[in-house]
Amino acid sequence: MQERVAIVGVGCTGFRSITPEQSYKEMVYEAAMRAYTDAGVDPRRDVESFVTVAEDFHEGTSIFDEYTPDQIGGALKPVHTITGDGLHGIATAYMLIRTGQFDIVAIEGHSKASNIKTLSEVTAYAQDPVLNRPLKLNSHFIAGLEMNRYLFETGTSHEHCAAVVVKNRYNALNNPFAPYGADLTIEDVLSGSMLSWPLGKRETAEHSDGAILMVLASEDKASYLTDKPIWILGAGWNNDSAALENRDWAHAIYAEEAARMAYRQAGINNPLEAIDIAEVDDTYAYKELQALEALGFCREGEAGILTVEGFTSPDSGLPVNVSGGSLGMGNLLEANGLARAYEIVLQLRGEAGARQVEDVNIGLAQSWRGVPSSSGAVLILAN
Amino acid sequence: MTAKIKEFPGISLNEQDFVDGKILYNFDKLNGLYAWDTGVGIGSYLASLKNGVILGSHCNTCRKVVVPPRTICEWCFRPMDEFVPLKDTGIVNTFSLCYVTWDVKRIIDPEIPAVIDIDGASPMHGIMHMLGEVDPKEVKIGMRVQAVWKPAKKRQGSINDILYFKPIKEE
Amino acid sequence: MGMRKVAVIGAGMTKFVRRAQETPKELSWEAAHMALESCEMTMDDIEAVCLGTAPDAFDGVHLNGEYLSDGAGAWRKPYMRSYVGGGTGVFVPIQGWYHIASGLFDVVMVVAEEKMSSYYPHAQAAFLTIFDHTTERPLKPNLLWIFALEMNRYMTTYGISKADIAQVAVQHKRNAADHPCALLGDANITLDDILNSEVLAWPVQRFDVSPVSDGAVAVILAAEHIAKRITDKPVWIEGVGWHLDTAYWTNRDLAYPRYVEYAARMAYDMAGIKEPRKEINIAEPYDPFDYKALHHLEGLQLAERGKAPELYSDGTASRTGNMPVCPSGGLLGVGNPIAAAGLMKIAELFWQLRGEAGARQVPGQPRRGLAQAWGDLMQVGTVVIMGR
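Chains as they are written, first to last, in our numbering: chain Y, 1 to 383; chain V, 384 to 554; chain Z, 555 to 942.
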């Protein structure tokens, strides 16, 4: 059994609202080529297993795993697909290396959301076919229900949620990969149209296209491939109730449980002390606040206050979503977690350019699979 | 285990139960519309089909010409070196005589799908398409065939710009 | 190497039927519940859940993995769903294997479920969407095509006749008559029945095919120290392997499944097997079509290329032969709920190697078995080797 696993190479195409000049294969190749160059490996010779994250209906093709191997260098090699977020994929690659059977594993995720013309209908197709779908509601209603209960139980205000949008989209202006950077005020955010009250349109991340690939290696290999290996201290993932009818509407229990698993592996008892920087889910603005509380960074109802006070800004106590988050980079479907982990890797390596936060040693990435799921994962990395 | 267990779970329904209205069900349909970016590789393939040419691509390292063309060689994991126009003739690599349509309707005259190794590409490299203007009983693996194209004005830049492949009459 | 040992300690399955009354969640639950009962465990003992199910299009639910998670027992537990097309049934135990072999978990529930009957009018039509959306789908391809194209290539390359192939269907369906969950078991089926059945896509005839079905199977995997506590007959996972070939299937020779060979070699290496034909006592290759069993036996190195039919004609493959093939009855006999069918083979080996397979029991106390599945566009091979 190989206990220590590191991320030794990352490649990202950047994110845009449309990518008409590239097929998904060509887009993924670009990310893959960058990652393998970064890691200094030849995928045909050195990478022993490949993991991809994808969902059929996001591609418009059934058994989509058929089309994954060629552009990541996995043709006629051990490749498999997980229907999960990029962080589930990283956790899978982590497990594969820990078995001792594989030393170098690649993990890929991408989004071509721009190619899905009826995305809201596809998303609605994930609702329970007998109990929920006949209501014919846009899936954002689930976020609206959850946001309402969250605000009610925790005393968080609408302005607190808007502050998340202001922070993240402003952060995105420093991220050359992010298409949705903007300098907004709280008023700007709250004066947008309503999506599913109390959820407003400007609190909801737009989609974007892009691809990311990461190369993971066992300790032996990592040491000679790179002088900046980023170690995985902990990986956790969890599913709460699949059925809407059984949910705890105010709390992100899947995030609490996933974090508990990851913290236990990392030996972390006090997250706020241990973690220097975090990239958490902000598919909807309130989700960031809910996640911070679920991850144990603060008590229930405090996340909003901390945000408004600037505690989660890049130059403060706990920088959160310095990359711009989904609100700034776009909702990347399955690749969301990978985009978050990518930012943490850059930060821990000291390669985040204008966004670089000083003195970061341990970072956390967290993701959620989006409505109507209650599935999420947490990854803790260190340099 | 199986020696001990008498009853396995699983209740079987039959079609008559549905006809008799004994089963509650609901019906739903996905409106799934996708517009896939073709990118450089397939985009070039389709544009070339519109011009009546089957396009392949060439990798210097493998020294192989493949079809349909792609921008990267999956074996070397490096970019392909150039596009190569191929002939529109080939050899039947394998075929079938299909009496059932994709949505499970029975037909009398079979559809004839085939994999056709295209002349100009490396051996065992071809595309899937249909055979036509041929007696199903005469089709053989190894048969030489020729593409039959839609008239130039009707082509749209699609695999259907080739109507089907027909046998080349030997002299 | 110091790799953690992983064993199968329990298994359960539902009947495979054409159309089940149970919902997908209920099917998953039935199989998972039975697997727990078989080794007297509860969901509290399970630390993680792995689920395999075929394309979402069949169930008609996007994010189908999330939808099924509670039926599989994954409430407030780490849960993942993997898929490699038809290879999923034998891949999902591999997923469970790496969960435990990694040291992160000690007990994992593995479930494979399929409810294909939901698709209207017929599940087969959903397979249209597995083809490349730009270069193939405009031709309105049919799932039967790729099998027929491969079968034709295989037969023509090696000079194998329909009768050679049909004997596989006869043997598997007869074997399945002894399987309590089988949909297509028939103790009296003959070669003529197969050869006279309706031609669907020549050379594929109706009885060459295992039709779509509903069903679910579950197994429980445990690390060594737990396995020893729970049962005195753990069945160890000795080797795993999987390989995915290029998506450009029209650029490959369909006569030989090289991806199955590589997957098998990976598993044989891990299990320390040097002479598979001597060391494998039971083979459960994937047989959604009769010729596929032969095709795969050759890929698995259990027969020479083009010679797999001899295993059937000379009795080697029968239940009392030297290397029984599909004593369960395989997909041709038991049914074809895609992912569940693969896991059914794992469950079968579990029961066989423990001497619990009842009327299907292979005599002589078999020690080692191999289960294999296949999927995608003639692309993936997944192999698991189990041993006592």
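Just so you know, these hints were derived from the structure itself, not from any lab.
Certain hints may be false.
Unchecked claim - Across the chosen pairs, the derived CB separations fall in these ranges: (1) Z/909 / Y/137: 38 to 48 angstroms; (2) V/537 / Y/356: 56 to 66 angstroms; (3) V/493 / Z/713: 36 to 46 angstroms; (4) Z/779 / Y/118: 43 to 53 angstroms; (5) Z/713 / V/444: 32 to 42 angstroms; (6) V/416 / Y/16: 52 to 62 angstroms; (7) Z/868 / Y/264: 50 to 60 angstroms; (8) V/444 / Z/786: 55 to 65 angstroms; (9) Z/919 / V/394: 50 to 60 angstroms.
Claimed, not checked - Listed below are several chain Y residues computed to face chain V (Cβ distance under 10 angstroms; list not exhaustive): (10) 72; (11) 129; (12) 353; (13) 356.
To be verified - Selected chain V positions facing chain Y (in silico; Cβ < 8 angstroms): (14) 399; (15) 401; (16) 403; (17) 404; (18) 417; (19) 424; (20) 425; (21) 455; (22) 458; (23) 460; (24) 540; (25) 541.
Beta carbons are placed, not taken as given, at the ideal position from N, Cα and C, and that holds for glycine.
Right, here's what the structure says about each hint:
In this structure the hint that residue 909 of chain Z and residue 137 of chain Y lie 38 to 48 angstroms apart at CB is violated, the actual value being about 54 angstroms. As the Cβ distance of residue 537 of chain V to residue 356 of chain Y is approximately 58 angstroms, the hint placing it in 56 to 66 angstroms holds. In this structure the supplied range 36 to 46 angstroms is violated for residue 493 of chain V paired with residue 713 of chain Z, their Cβ-Cβ distance being about 24 angstroms. Roughly 51 angstroms separates the CB atoms of residue 779 of chain Z and residue 118 of chain Y, a value that falls within the hinted 43 to 53 angstroms.
For the pair residue 713 of chain Z and residue 444 of chain V, the supplied restraint of 32 to 42 angstroms holds, since their beta-carbon distance comes to about 36 angstroms. The hint said 52 to 62 angstroms for the Cβ distance between residue 416 of chain V and residue 16 of chain Y, and at roughly 21 angstroms that hint is violated. For the hinted restraint 50 to 60 angstroms between residue 868 of chain Z and residue 264 of chain Y, the CB-CB distance of approximately 57 angstroms keeps it satisfied. The hinted range of 55 to 65 angstroms is satisfied by residue 444 of chain V and residue 786 of chain Z, whose Cβ atoms lie roughly 56 angstroms apart.
In this structure, residue 919 of chain Z and residue 394 of chain V break the distance hint of 50 to 60 angstroms, their C-beta atoms being roughly 36 angstroms apart. For the restraint placing residue 72 of chain Y at the interface with chain V, the shortest Cβ-Cβ distance is roughly 9 angstroms, inside the 10 angstroms limit, so the hint holds. For residue 129 of chain Y, the interface hint holds, the least distance from its beta-carbon to any beta-carbon of chain V being 6 angstroms, beneath 10 angstroms. The beta carbon of residue 353 of chain Y comes no nearer than 28 angstroms to any beta carbon in chain V, farther than 10 angstroms, and the hint placing it at the interface is violated.
Hint status for residue 356 of chain Y relative to chain V: violated, with the closest Cβ pair at about 32 angstroms, above 10 angstroms. For residue 399 of chain V, the interface hint is violated, the least distance from its beta-carbon to any beta-carbon of chain Y being 23 angstroms, above 8 angstroms. For residue 401 of chain V, the shortest C-beta to C-beta distance to chain Y is roughly 16 angstroms, which exceeds 8 angstroms, and the interface hint is violated. Below 8 angstroms, beta-carbon pairs count as interface contacts, and residue 403 of chain V has none with chain Y, the closest being about 21 angstroms; its hint is therefore violated.
Residue-level restraint check for residue 404 of chain V is violated (minimum Cβ-Cβ distance to chain Y is 18 angstroms; threshold 8 angstroms). With a least beta-carbon distance of about 4 angstroms to chain Y, the hint placing residue 417 of chain V at the interface is held under the 8 angstroms criterion. Here the hint on residue 424 of chain V is kept, as its CB sits about 7 angstroms from the closest CB of chain Y, short of 8 angstroms. The beta carbon of residue 425 of chain V comes within 6 angstroms of a beta carbon in chain Y, closer than 8 angstroms, and the hint placing it at the interface holds.
Look at residue 455 of chain V: its Cβ gets to within about 5 angstroms of chain Y, closer than 8 angstroms, so that hint holds up. Taking 8 angstroms as the C-beta cut-off, the interface hint given for residue 458 of chain V holds, the closest approach to chain Y being about 7 angstroms. The interface hint given for residue 460 of chain V holds, since its Cβ lies 4 angstroms from the closest Cβ of chain Y, which is under the 8 angstroms cut-off. About 15 angstroms separates the beta-carbon of residue 540 of chain V from the nearest beta-carbon of chain Y, more than 8 angstroms, and the hint is not met.
Hint on residue 541 of chain V is violated. Least Cβ distance to chain Y is approximately 16 angstroms, over the 8 angstroms limit.
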